[in-house]
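Please arrange chain B on chain A, whose structure you already have, making use of the hints.
Chains as they are written, first to last, in the working numbering: chain A, 1 to 454; chain B, 1 to 454.
Copies of the same chain look alike in the list, so a pair counts if it works inside one copy or between any two.
Here are the simulated DSSO-like cross-link-like pairs (lysine-lysine), alpha carbons at most 27 Å apart as the crow flies:
1. K143 / K159
2. K45 / K223
3. K143 / K187
4. K159 / K187
5. K353 / K273
6. K117 / K143
7. K45 / K273
8. K29 / K187
9. K353 / K45
10. K273 / K223
11. K223 / K29
12. K143 / K120
13. K29 / K143
Hint data in this document are derived by calculation from the structure and do not stem from the laboratory.
Quick caveat, the model's predicted, so the values are computed rather than measured.
2 protein chains.
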Amino acid sequence: MLLRHLLLPEIQDLIEAGRLNDVREFLAKQPGPEIAELLTALDDKERVLLFRLLPRQLADEVFSLLDPAFQNLLLENMAQEEVRQVLSGLTPDDRTALFEELPARVTQGLLGLLNDKDRKQALTLLSYPEGSVGRLMTDRYVKVEPEWTIAQAMEHLRKAGLDSETIAMLYITDARGRLTDDLRLRKLIIADPALRVADLLDGHYACLHSLQPREEAVQTFKKYDLYALPVVDADGILLGIVTIDDILDVAEAEATEDFHKLATVRPLQVNFKDATLALLFRKRIGWLLGLVLVNIFTGMGIKIFEDTIVAVAALVALMPLLIGSGGNAGAQAATLVVRAIATGEIGSEDWWKLVLREIGVSVAIGLAMSAAAFFLGLALGNLHVALVVALSMTTVVVAGSLLGTVLPMVLNRLQLDPATASVPLITSMADIFGVLIYFSIANAVLRFFPIAPT
Amino acid sequence: MLLRHLLLPEIQDLIEAGRLNDVREFLAKQPGPEIAELLTALDDKERVLLFRLLPRQLADEVFSLLDPAFQNLLLENMAQEEVRQVLSGLTPDDRTALFEELPARVTQGLLGLLNDKDRKQALTLLSYPEGSVGRLMTDRYVKVEPEWTIAQAMEHLRKAGLDSETIAMLYITDARGRLTDDLRLRKLIIADPALRVADLLDGHYACLHSLQPREEAVQTFKKYDLYALPVVDADGILLGIVTIDDILDVAEAEATEDFHKLATVRPLQVNFKDATLALLFRKRIGWLLGLVLVNIFTGMGIKIFEDTIVAVAALVALMPLLIGSGGNAGAQAATLVVRAIATGEIGSEDWWKLVLREIGVSVAIGLAMSAAAFFLGLALGNLHVALVVALSMTTVVVAGSLLGTVLPMVLNRLQLDPATASVPLITSMADIFGVLIYFSIANAVLRFFPIAPT
Chain A
1 MLLRHLLLPE IQDLIEAGRL NDVREFLAKQ PGPEIAELLT ALDDKERVLL FRLLPRQLAD
61 EVFSLLDPAF QNLLLENMAQ EEVRQVLSGL TPDDRTALFE ELPARVTQGL LGLLNDKDRK
121 QALTLLSYPE GSVGRLMTDR YVKVEPEWTI AQAMEHLRKA GLDSETIAML YITDARGRLT
181 DDLRLRKLII ADPALRVADL LDGHYACLHS LQPREEAVQT FKKYDLYALP VVDADGILLG
241 IVTIDDILDV AEAEATEDFH KLATVRPLQV NFKDATLALL FRKRIGWLLG LVLVNIFTGM
301 GIKIFEDTIV AVAALVALMP LLIGSGGNAG AQAATLVVRA IATGEIGSED WWKLVLREIG
361 VSVAIGLAMS AAAFFLGLAL GNLHVALVVA LSMTTVVVAG SLLGTVLPMV LNRLQLDPAT
421 ASVPLITSMA DIFGVLIYFS IANAVLRFFP IAPT
Chain B
1 MLLRHLLLPE IQDLIEAGRL NDVREFLAKQ PGPEIAELLT ALDDKERVLL FRLLPRQLAD
61 EVFSLLDPAF QNLLLENMAQ EEVRQVLSGL TPDDRTALFE ELPARVTQGL LGLLNDKDRK
121 QALTLLSYPE GSVGRLMTDR YVKVEPEWTI AQAMEHLRKA GLDSETIAML YITDARGRLT
181 DDLRLRKLII ADPALRVADL LDGHYACLHS LQPREEAVQT FKKYDLYALP VVDADGILLG
241 IVTIDDILDV AEAEATEDFH KLATVRPLQV NFKDATLALL FRKRIGWLLG LVLVNIFTGM
301 GIKIFEDTIV AVAALVALMP LLIGSGGNAG AQAATLVVRA IATGEIGSED WWKLVLREIG
361 VSVAIGLAMS AAAFFLGLAL GNLHVALVVA LSMTTVVVAG SLLGTVLPMV LNRLQLDPAT
421 ASVPLITSMA DIFGVLIYFS IANAVLRFFP IAPT
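So here's chain A without its partners, still in its complex pose (with noise of 0.2 Å):
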């Protein structure tokens, strides 16, 4: 962050003075990381500008540190022969994340200026469902033969080594391809190097599914607390790796996305700060427009008793705090079960005892909360008021309650997004319900305590 800041208003002054020759100078001494985080603090003009002025091994580290938004940035404003350098300077997970946000026709053009390795490896990744495990793979890892002693392994790893995107973990194949075992490149080092690589292997080894999820990657990456995941296909052949960089990008993604459901905000699938007006129009005005049609059943709902609220118009006052109560205490309920169904925490042989402890929770924060409204209700109304308010408070905050554990719940079961279970969704639901209870109980006590209109 210090440096951005200390370096941001120096680098523009140097730019404007036409100074590019000491940039370039400059900017070659310094680290990748930070020469990115500069870029995205720049103008889109001198983004390219100073982009341009990097060496090529700099320029690539460099574009490869950068969010695929930033990427696209500066693709737009290259010439077709430096956009080949820099694609085939990125491996091939980092060339897929980039493909995955631009839209078809401009990935096609792009797909056009690699080389046929490197289409045929695009194309590939780019075949594998999005959001799937296959989606995050990279081919450049270190495979070790069995018969190899651990001296010509070393001496293997020094050639391909170079390349591979980790070396931590060696994997090794059967003669048809299929992930037979790994191997923590730790026991390699420390081991005789006239052992041989079978002596190290015990036939344990984990690994992904490329047509997994990539949001169950992350569990299995925090199970076995690796720092990379072999994928292997149907038949076992081991196709490619996961780092566990890319796997941290995933659980933020997938982390983000959750949020934004859980307020009815459709998936962004650029960064906040750069959407425009009219993306975040379109993504939020959905349900809030769907959320209407469930109002008109509240609507409808109050129309019923409009001769009790002309009769006693003090309630109409306790009404928003009865159904907001009803509304939060679901909101609290469905994020808990939607956040610990996303981090794999509970299943489905949890939900009744889960369904039963919340019966429990609600009751209790109900009955607190009908304390709280009778005095509100004296203060606001009358004891009638106070009254009705008491008493339907405990069962709306229930029922509240039980919508927001369930319909995650429910929507997981029929393998829909339990997120969709969103704060507003099951606000506006326990609207219904509150309105229903709250003045049928109203009219109950009026029928057995009748007042004159206040």
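Coordinates of chain B only, in the frame set by chain A:
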């Protein structure tokens, strides 16, 4: 997942039949992560039994893979000597994570079981503030000397590598212990063994500071795409390293905390699955009761307009739609901003731009919502009500959206947690605006177009 489901019934049968030797033999051949997963699925008694059957080294591995909550469950059922063994088998960072979870009294007892060196180290790590980078540190890294040859460095690695948490990155310090450089193992491996370590150094390194908040470490790891980062104190002294597997855990835990906060659930500290009814009650009731206070203002707002309500009761039927829509739009805005601040995507330099864009987005959303509300007003009320609802809707949506955008920014500037701008808080505050705007516009419309009570 598969293995757990396959093994569980079989193991339980063997335990029931008392064939513990068979279980022991079977377990000794399984990989640690599978056993760890198996343990979490067993009940308390079986879990301890099974754990006791593991050979020492495997037991250490399995224990270190368990969540601190589960580690605690195991410890509670172990004899003192067993506890001592298990604790000494943990790495320093895992030990800190476990101690963090336990009540201070229990931690004191466990510290007494450690040898002098381990205890001193544990106390040092626990002296860093909760949630700081210092708490994630381990001292199990490898240092190399610049004057060594590559061959000497590799020889050192062979001895020191076994005990270290990662060997992907090696570190260089000066005579006073200040970090001066880092070196990728890969560079060492592919280098000419006759060269010196100094020949491979470039003087550039990334590092963390021990007192930094741990969520900043997540962003640093993402920026540098490294598997480990060194940690220094204010004088630049190398204190330890942090590894990316812990950072993945931090990223998930921080996201979970924000999810919960956004729904007014205070941080649980334990798994949702394992939370007791009493704990959930305590973590949820606080804000729910607090929001009752906010509702006092909504209620008072409504009371001002009681005459209007009695005159046109149909207005009430549309009130939940109106205040709900303001809250929903506000929930979207707040969630977008809170998450973007958490991922480091937006900083204070972007605020004005974001507020202006939000005005644009919310006006567009508000107009679309007004159109929908107009028709709903016609359906549930009459032309007057429809007019009031349509006129109010845009204002309420814009007010809610701006509240949701600005409140997290203000909290962040005040060094408070932006996620305190929770969805229920925004919704409840939007209710106040909503009610005042709605009934004020109703009064104005009714003055110009007076109608008889329905």
